[in-house]
Structure formats: C-alpha cells, structure tokens
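Trainee: Here are the chains, one letter per residue:
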Amino acid sequence: MEFADVKPEPAKAVVRKGKTNRLNKHEKWYGYLFISPMVIGYVVFLLIPIIAAFSMSFTNASLLHESEFIGLGNYKKAFTEDPLFWQTVGHTLYFSLGLIPLNLILALGLAVLLNRKLPFIGFFRTAIFTPVVTSIVVWSIVWKYIFATDNGLMNQLLKLIGITGPAWLYNMELAMPVVILVSVLKNVGLNMVIFLAALQDVPKMYYEAATIDGASKRRTFFSITLPMISPSLFLALILTLIGSLKVFSQIQVMTDGGPGTSTYVLVYYIYQQAFKIFEFGYASAIAFILFFLVLVLTIVQWNLRKRWVHHEQ
Amino acid sequence: MSNKQRAVLRNLPVYMALIAVSVLVLFPFFWMVTTALKEQTKIFLFPPQWLPSPVQWGNFADVFKVQPQFPLYFWNSLYTSVLVTVGTCLFAALAGFAFAKLQFPMRNLIFLVLLTGMMIPTEVTAIPMFNWFTKLQLTDTHFPLIVPPMLGAGGMFGVFLLRQFFIAVPSELDEAAKIDGCSPWTTFWRIMFPLAGPSLATLAIFTFLHSWDNYFDPLIYISSDRLFTLPVGLKLFTDTAGTEWQLLMAASVIATLPLLIVFFFAQKRFIEGVALTGLK
Amino acid sequence: MKKRYALSLAILLSAATLTACGNNSNNSSNEGNTAAAGEATKSEDSGKSVNLKFSIWGNDTHKKMYEDMIAKFHESHPNINVEIMTIPFADYQQKLSIMQASKTAPDVAWLAERMIPQFLTADQLMDISEIKNDTAYNFADIYPSTLNLLSKDDHVYGIPFSTPPAMIYYNKTLFEEKGLATPTELYEQGKWNYDEFLKAAKALTDPAKGIYGANMVRNGWNNWPDALQSIFNAYGTDFLSADGTKLTLNSKEGEQALTMFSDMIFKEKVHPKPGDQTTFDTGKIAMQKELFSYMGKAKAVTDFKWDIAPLPAGPAGTGTTMGYAGVVGMKDTKHPKETLEFITYITNPDNMVITSQFFVPSRKAVLESDDFLKQGPSPESVKMAVIDQMPTAKSLPAHPNWQQIDTKMQSVLDYLYTQSASVQDVLKKADTEITPLLK
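Chains as they are written, first to last, in the working numbering: chain V, 934 to 1246; chain A, 56 to 335; chain D, 27 to 465.
Hints listed in this document are in silico derivations from the structure and should not be mistaken for laboratory results. Quick caveat, the model's predicted, so the values are computed rather than measured.
Simulated crosslink set (DSS-like; lysine-lysine; CA at most 25 Å straight-line):
hint, chain 1, residue 1, chain 2, residue 2
1, V, 1092, A, 97
2, D, 455, V, 1209
3, D, 217, D, 295
4, A, 97, D, 310
5, D, 465, V, 1209
6, V, 1209, D, 79
7, A, 323, V, 1050
8, D, 295, V, 1092
9, D, 310, D, 228
10, D, 79, A, 190
11, D, 90, A, 120
12, D, 455, D, 465
13, D, 454, V, 1010
14, D, 235, D, 325
15, V, 1092, D, 228
16, D, 434, D, 465
17, D, 390, D, 158
If you anchor each label on the Cβ, the simulated ranges turn out as follows:
hint, chain 1, residue 1, chain 2, residue 2, range
18, V, 962, D, 246, 53 to 61 Å
19, A, 102, D, 465, 52 to 60 Å
20, V, 1097, D, 274, 31 to 39 Å
21, A, 123, D, 391, 28 to 36 Å
22, D, 245, V, 1232, 43 to 51 Å
23, A, 102, V, 1159, 41 to 49 Å
24, V, 1236, D, 274, 57 to 65 Å
25, V, 981, A, 75, 47 to 55 Å
26, V, 987, A, 102, 54 to 62 Å
Built from N, CA and C at the ideal position, the CB exists for glycine as well.
Required output: the full structure, derived from the provided sequences and hints.
Mentor: Pasting the structure below:
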C-alpha cells in the first residue's frame, strides 16, 4: 500500500556523543524553524478561518452592515424556512450519486482493459487522462458549445438523423445529467490511473493459482481482483464523493445554477450567498453543513483505510 | 502478419472499447481546434463542417485584438501558479524534512494537527478570509491567490507527501551528515532536498495544475480585469465575445496548449504521480 | 526495485555532498523562507498632485477614448492624474460593493440604472449639485427624464452619459424578398404595433433556412429586463410599483405581455428558443430588438440591407425603454473637488460629443446635432428611432436590492423558458419569491 504508516521512525539517532549532542540542542530550534511557515499557514489560513466561519454562522454578518448574534437563526432558516437550501442539498446528492457510479465503473472498466501488455495501450492511457490536465473552465466552455440549443453540434448530429434535439442546458430535467456526463469525462482518467496502479500491484501468483484451479475469468475478477484492489476502490470512492460535494466550476460556467434553480448545488449556493449578495452569516452556516459532511466522510475513510492496511499486512 | 498486428486483432473488442472512450474524451479537443480555425460564418453550418475550410489562422490574432488583455491573463496565471508551486514545494519539503528527520518536542502531535488541515474545504474558510482580505485591502490583488493556497490545505498535503518520502530515506545518511558537521539546514538543502526530486515533482505537478485551474479564488477576489487569470478571463470572454465561438475556442486553445504540451512531455511523471498518491 | 535505485543514488550523492559540508560547516546558512510579499503598496504622492481612480465596465475602445480625454484634461489640470480601471459588467456592482467595504473604491465611477439605488440609498454617492451653477456646463441641456434616477430631493448625484433607447433593427432584404411593408413604413402609417410585428415575424420566419422573424433578447437570456420591460410597458404594466414596494407584474396586463412573448417562442415559433444565441448580423434574424450602440456591429454587415425603426406599440404605447449609464463620484473620495472637476469635464458639451460616438448622449444639443444624426443608416431613421423616442423613453427597473431581485427573477423566468410552468404560475411564483425582497 502506498500509504506508509503514520508512525515516525523511532528516535535511535543519538548513538555518538559529543559533537552531535551539541548539534542536537540546536536541532530543536531548526525543527521549529523549518515547520514554522506551514504552522503559521495552518493557524492563519485554516484554523482561525474555520473557527471564524463557525462563529460567523451564528450571526447575520454581512459585508454591507454590522453583524449581530442571532443564535441558531441561520441553521433554522436553512432547515425549516429556506426551500432552496433543501433543493440545493438534493441537487448536490443527485450530482454525487449520478457521478460516482458512472465514474468508478467506467474507470475500473478502463483500468482492467488497459492492464495488459498490448501495442498502443500507452496511447489510450494518455488520451483518457488528458482531460484531467485540462482546465475545467475550458472543458466546460467547449461542452457548453457542443450542447448549445439549436446550433450546438449535439443537436446538429441529431438533426442529421431526423431528431429535433432538446434544449439540453435549458431544460430542468436534462441540465444536471449533462453536467454529470461532462464531469465524468473530465475526471474518469484520474480514478482509472489509480485503479490501474492497484491492478498492477496484485501479485501475479494469485492469478496463476486461479488459473490452475480452473476459475473462470469472471470469478477471478470478483474473488481475486476486486478484493485485492478494494482499498484503492474505497479511497477513490471517498475522494470522488468529497470532490463531488464541492462541485462548482462546471456548474458556474455551464448553467449558472439554472435553468430555474435546477443545478444549484451547495458550493454554488455558498458562492451566491457569500460573494454575490455578501450574506456571510447564512453562507457560513451552509458552508459548515458542507464541512460537516466532508468531515464525516474523511473520518470514515481514515478509519476504514487503517483497517484495510492492517488487513493487508 | 507481424506480432503487433496479430495482438491487435486478437484483442479487437478491447481496442474497440478503448477507441470509443478515447474518441469521446478527445472529441472536445478536436472540436475546439476545428472551431478555432473556422470562419465565423462556417461555425453553425448545417450539416456541420468537420474540418475548417478555409483555415482561419487569423482567429488567433483576433483573440488578442478583441481581448487585448489576454496576454496579461496568461502572465497572471503563469506567475501566480509558479509562485504557489515553488512556495509549496519549498515549505512543504522543509516541514516534511523536519517532521521526518529532526527531533523536537511535540513533533508528532504538531504533525497530526497539521494533517487535519487537509480536510478543511477552502469553500468554508473562504468566507471569513474574504471578509478579512476586504478589510485589509487585499482584495483585487494577487495575494489571496498566492499565499493562502501555498500555506493552506494544499501545503498540508505537501507536508504529508514529503514527510512520507523523507522517512523512507535511510537515516544513516543524515546521521553521517550530522557527524560531518552539517547543520540541519545544510543537510536539508544540500542532501535531502535534491534527493526528494521525484516526490517534489509530483507535488509540483499537482500544485501547479491546481493553481492553474483555480477558478473560485480569482472569481471572488479579483475585480480589475488587468489582474484576471486565464479561467476568469475566459469566462469573461464568453460573456463579451458572445456568439463568436471561433474566437472563444481560439482563446481556449491558447489557454490549454501550454499545459497539454507539458503533460505530453512529462506524462509518465503525471500519471505515476497520481497513481502514487491516489489523491485529489 | 525503485527503492533500491533511490537508495544507491542517495549514498552516491551523499558521498559527494558530505565533503562539501565539512568545508562549509562554519558558514551561517541563510534561511530561505522569505515570505512571498504581496502587492507593493503604492506610495502616495506627498505633493499637490492628486490621483483619481475611475472605474468603467467598457471595452478597450472606450478606455482609449477616455485616455485621450484624460490627456487633455491633464493639460488644463496638471495636478490631477486619472487612472482608469476596468471591471467587467457582470460583476461590476458586486465588485464595487467590495471595494466600497475595503475603502478602495474608485473616486469616479460608471453606474448603470440597476446599480444606482443600492449606492444612493446607502448614501455612498457624492452630492454634485454644484454642477448646476456652472454656466459653461449648461446643465439645463440634459434631458430631465434621464436625471430622475440620479436625483434625490433636488440634489444631483451623477450625470447620465449614455441613454440609448431600444429599437428594432430589421433585415430590409428579407422584407423585400417577401414583399412586406417595412417597420419604418408601418410606423409612418401609424400602424406599427405588436399585431403587425407578429404578422411580419410569422411571414418572415423560415425554419428551413433557420431564419427567425423576431428576437427580443440581446446580450444573453439572463438579461430579462432588457428583453421584457418594453413589452410590459407597451401592455400598460410595470415590473415594480413606482415606490418599489410592490411587484406589479402579477396582473392582467403582465400576463398578456408575458403570454405574447412566450407564444412568440413556443407557439408561433417565430423567436429563437432560450439558450439560442443567433445574432442579427448573421442574417438569420429578421427583426432584432437592440440598442443604438449596436450600430457599429450592424455597419459591418455586408450581406444584406438593414434599417432601424422604433419599437412596435402595444395597447399602452411603444413603452420604449432605454439603456442607462451615468458617471458618479463616490462620497468616500479624498479629493471631492478634483472628482467634481473631472466629472464636469467628461460630461461637458464638448466631451459628450466625443462620447456620443459610442453612447447615445443625454444632452439634447448633442443628440440633435448633425454629427450624431449621421451615425445611423440615415438621419431620418435616427430621428425616428432615437430622437423622437427620447422624451418618453423609460429606464429599466431598479431597486436597492436589485442584485437579489434579478437573480430570483432569472430563475423564475426559467420556468417559462423551459416550459415547466404556465405564464400564470410563473407570475405567481415571481410574486411569492420577489415580494419578500422588496421590504
């Protein structure tokens, strides 16, 4: 497994005395000095802001006026008074649940196909990975162009076979599926490469044993390959899930939350509340709900991963 | 029939599937380039024109005419991304080295605390930071695009990655350096930092990609168009150039090409880097 | 395998570097952690010289025009330097609010109608009423109707410099091909109304060639006030009540207006569908609602003949709307005197002649000048479509809370555009979503 244990090496350093001892006294200060930029960064850009965001979520803070403490007012608003909040949560989950199976299954399928020594295999790997290194804004703009209502390529192709295509991005039912499709194609290469690495790590002898036992290809896949790469699968699942909860750019570029509010997702709503109308308090509350979700998922991931790593050893 | 051909034929279904997906994934690039080279009147021809004719190289020049700030956006993206990358690599390596190789009280505790930073979404911290940066008159500068990403969640990931690397370096090496009278700084700078090349390259690639692709931060922080980075500049271009898709696509090509070139030359590093870290 | 390689490399390298260490061990090492410095703060000139910041959303041609103007201004006011900053229109109001909060707002700024109430009610605009006393400035020449938005209790807070009425650009060639009376002819006969407009649109629409009879939308489908307000006006209703406390759209007239628009798109199919961005200059739009400022693009058209005409009339008149941009001074400026001087300068009669090459002037004398008349396809059509409409043209709706109203209305209208709700339901939805924002 690529994640070495978090435990540091034991302090067996001081073998010789004298010169090294004198240096060790300084070593402490060097240590603090070396970590200081990151520690300061952590405090200033992560710790204090997260605390500030948390406390802000109990106020009606805004860029435009003084803030007042309003207790759980923002959370109450989100959960009971603002139908858009629940819609937003729903759309986010829709995006996640639509994206994840597609992304993981496609990525795994491709990884299995690529995990063989054949001519041109490298080309396909590179090709499918290319969108990963392409700017999401560019990617979204091009797809928006392809899915344009009347003159977009997609509808022109449909017209060629005699079908009048729908207004893809101006349709409440279709806009989100289009965004999901575009997002899958953008990032499938990432998980594919992770799975490919995992597949290549599966010791050959297992397969050899399976062949001797006369196991079918299908059976080999489900009883050897899948369990062996399950840590990677799980890792990819969680990371993709966390990433999908934070989807923003493709939505902002392709649909701007529309049509109607049919593609409003959590981060888009945060962006709109915090940075367009400057309702910091309410935006912080929504952001904190997002943070809570991410936190739970991260903790689940860490715990389960530890178990798997031990299982492997 | 050569071996190669035979191998291809035997695995025809595999190739068909791979070709299908590759076409789907590469098509946007093809369409982007084709459109970028078309005359405006040919963009929405029906049936669609697959290859530009006549080829309009002038569209690329027109991008700079319609949007004279475009080179500036490019420069802003480039220099902020480079600064973030260099800073992240340096500070992450320093901290990673210290956590792996130096002895000091509370070392592991501090490290674990820093790790928690990796899961803090920037969308959450952005709200108070935006408020402060506004009060400090740092909005509409590049400061928020450079320093917080360098020392924030991305930085913490770098610390994690490089500490993993330095732990794997045999301790005989730094022991020997110590005995020879190297200060921790010299040990780091002369021995450890050069050794970390591959890990640093991975970190650098990710940080650069991430920064180059950063849309959220410039969107909220930058007001004046001379300070825009490419993603925001391109989005703006979609608003102002409206239906002149050939220019928009030409601009997209210009924005995409450098990174793609780097990718094709260093693709092994890219792909191995992803596989190695399983991140993002 | 890889590990072993790295290890041997490490040992090799260390052998080389360790000797170096021994030699240099006394060198005090410089720590490389100089934090990346932010933007250098600009030092303020201690002399008399004054720097003004002037924010616009215009393009580079506009910027260039102002730069030339500023150069001349600098000759007569050598102590005043003006720096132009460009902020894209889409985020202009939002970004200006941020700058206001961080006390980095420009001294002089362009503001559009939708932005003015927010800054005016927050008391962030400078009172420039003094400008009325300047005889050379000839304040009385400015159309009084264009000053409403920027005035409060007889005080003036800004000068409009661009007040283009909306009009119809029509493809004359298409009309000739079908042998139809043109909007200009119909207007002259006093028959230019929405019934005739629709009749012409139907006759001109040709799906096989991808030609639409009419297009009311310009600059994207989110720009709904621009597309719809003149239709509302023509049917005798408004978006908000005059005091801005009530949504008046949810009425019989509002329903008629919106139904007409909706039918054009979905029933008669004479209007491009939502998301479609076909433009007039491609020759595929027979009648396009646009502003006078579209003239530059229209003049580049070579494939067909075109002309301009006023908007058609509804039961309550043409309801012509106008685009609106004014120049204001921000109250927080440290240089109120110079700010006023600059505003006075760029909107004085001479300079409004210069800006009128892009912006329909709010000054009567400039508007009626020969130079301006020459800018259109013919002086007659400019007179008909611009000058005659000016006295009755109304600016688009505005409200201190416009940002939120706009966002809500966009998403409500999407229910119409996606045919997810009827016109009545859309108006009801608008009422429930927008009324709370009017408090």
